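Residue numbers (the numbering used here), protein chains in the order written: chain A, 655 to 873; chain B, 2 to 419; chain C, 6 to 374.
Since the hints were derived computationally from the structure, they do not count as laboratory data. Quantities reported herein were computed from a predicted structural model and do not represent experimental measurements. Wrong hints could be hidden among the right ones.
Facing chain A, according to a computed beta carbon distance under 8 Å, are these residues of chain C, among others [as the list claims (entries may be wrong)]:
id	residue
1	Gly147
2	Ala191
3	Ala339
4	Ile343
27 Å max Cα-Cα, derived DSSO-like pairs, lysine-lysine [claimed, not checked]:
id	chain 1	residue 1	chain 2	residue 2
5	B	Lys71	C	Lys120
6	B	Lys63	C	Lys355
7	C	Lys360	B	Lys274
8	A	Lys693	B	Lys71
9	B	Lys75	C	Lys355
10	B	Lys63	A	Lys693
11	C	Lys266	B	Lys274
12	B	Lys273	C	Lys180
13	B	Lys274	C	Lys120
14	C	Lys33	B	Lys63
15	C	Lys355	B	Lys71
16	B	Lys88	C	Lys355
17	B	Lys80	C	Lys357
18	B	Lys88	A	Lys794
19	C	Lys289	B	Lys274
20	B	Lys273	C	Lys357
21	C	Lys364	B	Lys152
22	B	Lys273	C	Lys223
The beta carbon of each residue, even a glycine, is placed where N, CA and C say it ideally should be.
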Amino acid sequence: MTPVEFLAWVRGPMFQIAVAIFALGVAIRIVEIFVLGRKQDLSEPRRDGVVPGIKTIFGRSIPDTGTFKRSPLNVVAGYIFHIGLFTTILFFVPHIELFHSVLGLQWPGLPTPFIDAVTVVTIFAMVVILINRLRNPVLKFLSTFEDYLCWLVTLLPLLTGYLAFHRMLFPYQTMLGIHILSVEILLIVFPFTKLMHFFTVFLARWYNGSAFGRRGVQS
Amino acid sequence: MSTPAERATNAFKEQIDGPIASYLSSCVHCGMCAHACLFYTETEDPRYTPINKVEPLRRVWKSEYTFFGKLASKFGLTKSVTDELLKEWELLIYDACTLCGRCSMVCPVGNDIAYMIRKTREGMIAAGYAPRGLKDATYRAVTVGSPMGVKLPALKAQIKHVEKDTGLKVPLDVEGADYMALLSSMEIMNFPEYIEALTRLFDKAGVSWTLCSEAFEATNSGMQIGSSDIEGELIQRIVDGAEKLKVKYVISPECGHAYYALRWEGPNVIGKKYPFEVVHILELLDQLRAQGKLKVEGKLDQKLTFHDPCQIVRKGGVVDEPRRLLNMVSSNFVEMEDAGVMNWCCGGGGGVSANERAEPLKLTVFNRKKSQLEKLGVNTMVTACANCRINLEEGIEHTNMDVEVVGLAETLAEHLAD
Amino acid sequence: MLQPWNKNGLTVAERLQAEGISRRGFLKFCATTASMMALSPSMVPAIARALENAKRPSVIWLSFQECTGCTESLTRSHSPNLETLILEQVSLDYHHTLQVASGEAAEEAREAAMKENNGRYLVVVDGSIPVDNGGVYSTIAGITNLEMLRETAEGAAAIIAVGTCAAFGGIGYAKPNPTGAMPVSAIISDKPVINVSGCPPIPTVISGVLAHFLTFDKLPEVDDLGRPITFFGQSIHDRCYRRPFYDRGLFAESFDDEGAKKGWCLYRLGCKGPATYNACATTKWNEGTSFPIEAGHPCLGCSEPDFWDMGGFYQPLSTPTGDVTRTLVYGVVAGALIGAAAGSMARTRKIKAQKEHYKVTTDDLEESS
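Only chain A is shown next, with the shape it has when bound in the complex:
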């Protein structure tokens, strides 16, 4: 397979396969949560749970001070990683073109050198996160193969994207192909792993926030 054939394959059939698995898997997992449902709570609510539920969806992004004090590294690296990842995904112009072509939506991009710098910082944060996972007793205890797999499949698009952008390691077509392939791997792995939290985090926060909220506590 020549680099051009490889690139055509990852942009063509492989992309379709990855998106199909991703869409199918994610839809299955979200719908089955909804179908499982929540039994009506018969207790008299102190107040309606809708507003607190929505507040928790957003508010939970801000860590409480106690958590921050006890595991600052986790919080800071986690923050940098998430913000960095979404910045590179959403604001690199070639990526915006991808969203535009698939979803029909587009928005302004950020200067390429900025994205480049963010990528480096994000990769660095991910390395810190891995070291933390390997060294922190709680994280080490909790971590399974899936956690390391998710780390890897998330890192690869960042790393290959960086290498492709800088024309490193392989000819551009090959590197771009590898980059796109790494994203496809991420998409394929997504519905079967904790990466699902990208979607279910909103459900979880909602359920938590509305349950606490109806009891009168903003969780």
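Keeping the supplied structure of chain A fixed, place chains B and C upon it in accordance with the hints.
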């Protein structure tokens, strides 16, 4: 359905719902819940990480309630619940969790972990994996009517004492009263001051209230052990008593889990709404305060603090009431670090205090409260839960601290204006 | 050293002299050729010596399934230049478009050249070769292209596949490829084949390859697609004068917007420059006048294999080529249906579990565990 593991699995299948599915789908193993849990912070044992405690539940969710997990289970790729697992996890679920819900407040993806642990207990007890002490307490609650084995004659004796001391009548079985007060066994046995306080406070405020000879016990070991069957049976007694006396309100006493069980879980475990409203005693007192019916005189000038009972404050929503009440009678009320909805548990909630096996661990985790108190330098701690109170007193005694623990209602009663 | 191939036996130097080109002009040409091929200036005398002594090689130009664009590219020059110079230094013994002879006479010329210069002549191919149904889709004088290529290639010293059709199959090879079109390299494996891709290829590159062959008696070093690395070593994007706009995130979004007028990067308009290896951005076209991007049009990626099938010309490189929106929608709908079914089955299991509920009684509390 013969083996314990099968009974546990079936119970987990009954309990798993949309919220649990979304929580288990969302966990990223970040480990932040460990830092919210005093069992981890005081022991640094990673097994006590809250999310780890729901492993039995997680296994059933994955293999039974996810499409991909179900598929994987056909190929034997999922783990099932075993006796060994339940045996091991009994120590995590009952001995190292007070259902305080602090983890549910910090989880960055929003998992209500305490809710899941509560549900996990359903399977544990269905399989018979629960601590002896808690089983015994529950047994007494069902058979005798009180986890401590307190019977009506004992209550009547205490009523007599109170009537003698106050010169006031303690209403019992008064049909048509507005409020039906409940008590916890501990209040009857250890802290009768509470009954006296209620009598005096309600007398002054002109509250129409009564005790019920058939339903005076508020505590609910069924909730602690995690059996909604037993929890429902105990709740039903209260509902029956309240219906018989045709009261409008039922007052939950100064007891954390009693309030949570009655106020929030009760209607769900009996499967119907109450024909009355449940109020916590602090809510009622605060209402009386707002109406000007609660008049106090004199203020305590020693430095004092308030210990938030988890089930009343964080999980119950009674947050500002105790503070407003306490400020009526104290000129030097100071808050502990993390006070309010982020308070730290006393270490004895969720049935831990009934579990002798957990005693050493319970005393270890008391260190969290100890350091909070030392930081503040107080000698008086007010609380609103008899279980917290006993547990705090035990810890204080064990660590040779000089701190007095008092109930909020009785503190108010002491300052009632004539 | 090359042997004299042709009838009149004149060396390149002799011919140049005869045409009145000065020694200085000749050396200048050698220097330009050297720099074009990224050779060290010290190689200039060697090139000059080689070219001086080289006899006009016989070249057989085979035009198969093609559009004549490659020939146009090579011949349509306004003034004499290196390309024409080189062309005049070869003995073009067979070329449909350019030769005077036609019909059987033309074929005879080819056969004669092959016979006379057996083992020494160069074959230039433009156009793809249809192979389906025995190659009947394109014939010359009743001979299929496939047959003619095999026959002609047999006695060739080397083959230069000129243009993307000959190099990679090009438009004929594009889906669904009704004629079974193939590139030269898919048919000839026992002769050196060099690909000078492009639609059309840059004339300088064709002449550069010829000059290299004349100078060194061998084809230049190639990349993994068989293209001379000197000309195809860098991407258009890397040498593009609009590159700074890409780096700064300044893009034209339509052909008539402010960005387009200001000459910003054409990535969003589908420019394939980042994935296209060719010399357009450096040698440019029409004697260094301009190249497509400079004229405001995105690079089509014409020197790359399958450029017809790499999605739309105006579709950005980072976008998938298929209809992903449809896949996404179908996937979500199908997933939702499966999820609903799986969820209902889960609910059924839950209801069953509730029916089989094990009621905890005081008996369970008594027994010691």
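Right, here's what the structure says about each hint:
| no. | hint | in the structure |
| --- | --- | --- |
| 1 | Gly147 | 35 Å, violated |
| 2 | Ala191 | 12 Å, violated |
| 3 | Ala339 | 6 Å, holds |
| 4 | Ile343 | 5 Å, holds |
| 5 | B/Lys71 with C/Lys120 | 74 Å, violated |
| 6 | B/Lys63 with C/Lys355 | 14 Å, holds |
| 7 | C/Lys360 with B/Lys274 | 22 Å, holds |
| 8 | A/Lys693 with B/Lys71 | 23 Å, holds |
| 9 | B/Lys75 with C/Lys355 | 18 Å, holds |
| 10 | B/Lys63 with A/Lys693 | 20 Å, holds |
| 11 | C/Lys266 with B/Lys274 | 71 Å, violated |
| 12 | B/Lys273 with C/Lys180 | 68 Å, violated |
| 13 | B/Lys274 with C/Lys120 | 105 Å, violated |
| 14 | C/Lys33 with B/Lys63 | 77 Å, violated |
| 15 | C/Lys355 with B/Lys71 | 14 Å, holds |
| 16 | B/Lys88 with C/Lys355 | 24 Å, holds |
| 17 | B/Lys80 with C/Lys357 | 21 Å, holds |
| 18 | B/Lys88 with A/Lys794 | 23 Å, holds |
| 19 | C/Lys289 with B/Lys274 | 83 Å, violated |
| 20 | B/Lys273 with C/Lys357 | 22 Å, holds |
| 21 | C/Lys364 with B/Lys152 | 26 Å, holds |
| 22 | B/Lys273 with C/Lys223 | 93 Å, violated |
Of the numbered hints listed earlier, those contradicted by the structure are 1, 2, 5, 11, 12, 13, 14, 19 and 22.
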